[in-house]
Amino acid sequence: MPSHSPHNHLLDALTIDEKDRLFPHLEWVPLGLSEVLYETNKKQHCVYFPTSAIISLLYVTEDGASAEISMVGSEGMIGIAQLTGDGTMPNRAVVHSAGHAYRIKGHLLKREFSRKGRLHDMLLRYSQTLFAQTAQTAMCNRFHTVDQQLCRWLLLSFDRLGTDEMVMTQELIANMLGVRREGVTEAAGRLQKANVIRYRRGHIQMLDRLRLEKNCCECYEAVKVQTARLLDMNLLDMTQQ
Amino acid sequence: MPDFPKPDHNQLLSTLTAAERERLYPHMELATVSLGQVLHQRGADIEDVYFPTDSIVSLLYVMDDGASAEISVVGHEGVTGVGLCMGADISASQAVVQSAGYAYRLPGSVLRDEFRRNGSLHDWILRYSQALLAQIAQTAVCNRHHTVDQQLCRWVLLSLDRLPTNKLIMTQQLIANMLGVRREGVTEAAGKLQKLGVIRYSRGRITVIDRPQLEALSCECYSVVKREFDRLVATPYIRQSA
Numbered sequence: 018m019p020s021h022s023p024h025n026h027l028l029d030a031l032t033i034d035e036k037d038r039l040f041p042h043l044e045w046v047p048l049g050l051s052e053v054l055y056e057t058n059k060k061q062h063c064v065y066f067p068t069s070a071i072i073s074l075l076y077v078t079e080d081g082a083s084a085e086i087s088m089v090g091s092e093g094m095i096g097i098a099q100l101t102g103d104g105t106m107p108n109r110a111v112v113h114s115a116g117h118a119y120r121i122k123g124h125l126l127k128r129e130f131s132r133k134g135r136l137h138d139m140l141l142r143y144s145q146t147l148f149a150q151t152a153q154t155a156m157c158n159r160f161h162t163v164d165q166q167l168c169r170w171l172l173l174s175f176d177r178l179g180t181d182e183m184v185m186t187q188e189l190i191a192n193m194l195g196v197r198r199e200g201v202t203e204a205a206g207r208l209q210k211a212n213v214i215r216y217r218r219g220h221i222q223m224l225d226r227l228r229l230e231k232n233c234c235e236c237y238e239a240v241k242v243q244t245a246r247l248l249d250m251n252l253l254d255m256t257q258q
Numbered sequence: 002m003p004d005f006p007k008p009d010h011n012q013l014l015s016t017l018t019a020a021e022r023e024r025l026y027p028h029m030e031l032a033t034v035s036l037g038q039v040l041h042q043r044g045a046d047i048e049d050v051y052f053p054t055d056s057i058v059s060l061l062y063v064m065d066d067g068a069s070a071e072i073s074v075v076g077h078e079g080v081t082g083v084g085l086c087m088g089a090d091i092s093a094s095q096a097v098v099q100s101a102g103y104a105y106r107l108p109g110s111v112l113r114d115e116f117r118r119n120g121s122l123h124d125w126i127l128r129y130s131q132a133l134l135a136q137i138a139q140t141a142v143c144n145r146h147h148t149v150d151q152q153l154c155r156w157v158l159l160s161l162d163r164l165p166t167n168k169l170i171m172t173q174q175l176i177a178n179m180l181g182v183r184r185e186g187v188t189e190a191a192g193k194l195q196k197l198g199v200i201r202y203s204r205g206r207i208t209v210i211d212r213p214q215l216e217a218l219s220c221e222c223y224s225v226v227k228r229e230f231d232r233l234v235a236t237p238y239i240r241q242s243a
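Residue numbers (the working numbering), protein chains in the order written: chain A, 18 to 258; chain B, 2 to 243.
Derived from the structure by calculation, the hints contain no laboratory data.
Just so you know, these numbers come straight off a predicted model, no measurement behind them.
Check before you lean on any hint, since a few could be wrong.
Using 20 Å as the maximum straight-line C-alpha spacing, the simulated EDC-like pairs for lysine to aspartate or glutamate come out as follows [to be verified]: (1) B:K7 with B:E21; (2) A:K122 with A:E44; (3) A:K122 with A:D29; (4) B:K7 with B:E216; (5) A:K122 with A:D37; (6) A:K210 with A:E182; (7) A:K231 with A:D164; (8) A:K231 with B:D66; (9) A:K231 with A:E188; (10) A:K133 with B:E21; (11) B:K168 with B:E216; (12) A:K127 with B:D124; (13) A:K60 with B:D231; (14) A:K122 with A:E52; (15) A:K133 with B:D124; (16) A:K127 with A:D29; (17) A:K133 with B:E115; (18) A:K241 with A:D181; (19) A:K231 with B:D65; (20) A:K59 with B:E115; (21) A:K133 with B:D90; (22) A:K241 with B:D65; (23) A:K231 with A:D181; (24) A:K241 with B:D90; (25) A:K60 with B:D124; (26) A:K133 with B:D114; (27) B:K227 with A:D103; (28) A:K122 with A:E35; (29) B:K227 with A:E79; (30) A:K59 with B:E221.
Using the sequences and the accompanying hints, generate a full structural model.
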């Protein structure tokens, strides 16, 4: 069970009428670490609104290399292509922190989306935060060190977890960042030595958030500020501590 | 009479219904846009949006230290400032003309009002935004995993698809700024392509000589992006004229 109540920011923002129509169709489902919600270019049928789970949108290249383009937690949703496009995307969606999400059939959500009320506008604004995060990832991949990127990734994750500890292997982080595992081991080792994080048997604990932010590139702050502005969220709410 | 591009030369405009045309055309103006012209300043209000016909616009992100890189391009398949329809009031990227030509200019408020009528434009804009997101994501992956040589090929191909000719007017410095790499990296990569007889580069002009070879040398990112655009926004009109 999540330590905080099962909220999703987008669902919370709906009007009473929208909630009345939509909520009977929501299922609260557990999502396990590394569970694949969508495969690349496969038709999607369900949309997920995470409450405590975190999902990574990953691109996989032809030779099997991968890289995360965005991560989604309780501020967002998975499956926007079912509303804006034809329901397929050239990326995978993989659970990177186990937890729960509300699930709904894509065609039911689409019906509500087509009414063009609050839900429609909120989800489009959310899609803009995905643009911002994805573009910032592109920049980060180009210009910043693995050390900086690891800090960005940890901060974005901890913000969405609402705790200061997560279950995560270095191998998984390497797949998300699209770098070699050794690179992550080295970077994590440096953060551990500086007492910024503690890494032990698949658990990462954040000891010093301020210094984690200081070691990070501008990309974390840029994504956080843009997301908060577009979704009309308090910056403190995004850091659920 | 010179042959001015028609609105239908832009893929999104070509999808408009008669009623949509009636509402939008009176507000639309054909504009010439020149190399390096900034259409949207990062962080500024989006006042006008541009539907390129034969011009190409780069969407750039600029970092705090001034380093920049392109996150996507917009040509005859799209429109700049699409975020305006999705609730973004300011431009997240800097939109710079990468290849001079024509574009239809429309006040952003007119596009937004039309989008809110929820007609066919609404749905096309959403499909277009989906394809644009795929392009940005592919850029992120390309930046991570592929060589400058491959990226240059991808970049030239994406540009070529948006131009009526096989010639790009472009300095290596500008390409370096778009790709977010050092100029020397671009010079080297372009030199290799020239040696292989794939392109000819002289005095700020790139001529593509062997397109199949260029595609073979590119990473998969070009074809993934192209497939998404073809699937989501290619209209019958464009398919016929291509």
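Evaluated hints:
Taken as a hint, the K7 of chain B and E21 of chain B pair is honoured in the structure, with Cα atoms around 16 Å apart against an allowance of 20 Å. Distance restraint check for K122 of chain A and E44 of chain A: the Cα-Cα separation of roughly 10 Å lies within the 20 Å cut-off, and the hinted pair is therefore satisfied. Straight-line distance between C-alpha atoms of K122 of chain A and D29 of chain A comes to about 18 Å, which keeps the hinted pair within the 20 Å bound. Proximity of K7 of chain B to E216 of chain B is assessed by CA-CA distance (about 30 Å); at most 20 Å being required, the pair is judged violated.
At roughly 16 Å between alpha-carbon atoms, K122 of chain A and D37 of chain A fall within 20 Å of each other, so this suggested pair holds. Between K210 of chain A and E182 of chain A, the direct Cα distance comes to roughly 17 Å. Compliance with the 20 Å bound is thereby established for this hinted pair. Simply put, K231 of chain A and D164 of chain A have alpha-carbon atoms about 12 Å apart, close enough for the 20 Å limit, and the pair holds. Distance check on the hinted pair: K231 of chain A and D66 of chain B sit about 16 Å apart at the alpha-carbon level, within 20 Å; holds.
The straight-line distance between the Cα atoms of K231 of chain A and E188 of chain A is roughly 25 Å, outside the 20 Å bound, and the hint therefore fails. Our distance criterion of 20 Å between C-alpha atoms is met by K133 of chain A and E21 of chain B, whose separation comes to about 19 Å. A C-alpha spacing of about 16 Å is found between K168 of chain B and E216 of chain B, which places the hinted pair at or below 20 Å, so the restraint holds. As the CA atoms of K127 of chain A and D124 of chain B are separated by approximately 12 Å, the hinted pair is consistent with the 20 Å bound.
Pair hint K60 of chain A plus D231 of chain B holds up; C-alpha atoms about 17 Å apart against a cutoff of 20 Å. Between K122 of chain A and E52 of chain A, the direct Cα distance comes to roughly 18 Å. Compliance with the 20 Å bound is thereby established for this hinted pair. The hinted pair formed by K133 of chain A and D124 of chain B meets the criterion: a straight-line CA distance of about 12 Å does not exceed 20 Å. At most 20 Å may separate the alpha-carbon atoms for a hinted pair to count; K127 of chain A and D29 of chain A meet this at roughly 18 Å.
For the proposed pair K133 of chain A and E115 of chain B, the alpha carbon gap of about 13 Å is at most 20 Å, so the pair holds. Restraint check for K241 of chain A and D181 of chain A: satisfied, since their Cα atoms lie roughly 18 Å apart, inside the 20 Å limit. With a C-alpha separation of about 15 Å, the suggested pair K231 of chain A and D65 of chain B falls inside the 20 Å cut-off, and the hint holds. Restraint check: the Cα-Cα separation between K59 of chain A and E115 of chain B comes to about 32 Å, which exceeds 20 Å; the hinted pair is violated.
Taking the CA atoms of K133 of chain A and D90 of chain B, the gap is about 19 Å. The hint holds against a cut of 20 Å. The suggested pairing of K241 of chain A with D65 of chain B holds, with an alpha-carbon distance near 16 Å, which does not exceed 20 Å. Distance hint between K231 of chain A and D181 of chain A is fulfilled; the C-alpha atoms sit about 17 Å from each other, no more than 20 Å. Between K241 of chain A and D90 of chain B the alpha-carbon distance is near 17 Å, which keeps this suggested pair within the 20 Å criterion.
Restraint check for K60 of chain A and D124 of chain B: satisfied, since their Cα atoms lie roughly 19 Å apart, inside the 20 Å limit. With a C-alpha separation of about 13 Å, the suggested pair K133 of chain A and D114 of chain B falls inside the 20 Å cut-off, and the hint holds. The hinted pair formed by K227 of chain B and D103 of chain A meets the criterion: a straight-line CA distance of about 16 Å does not exceed 20 Å. Distance restraint check for K122 of chain A and E35 of chain A: the Cα-Cα separation of roughly 15 Å lies within the 20 Å cut-off, and the hinted pair is therefore satisfied.
Taking the CA atoms of K227 of chain B and E79 of chain A, the gap is near 16 Å; set against the 20 Å cutoff, the hint holds. Of the pairs offered as hints, the one joining K59 of chain A and E221 of chain B holds, with about 18 Å between alpha carbons and a cut-off of 20 Å not exceeded.
Violated hints for the displayed structure, listed by number in ascending order: 4, 9 and 20.
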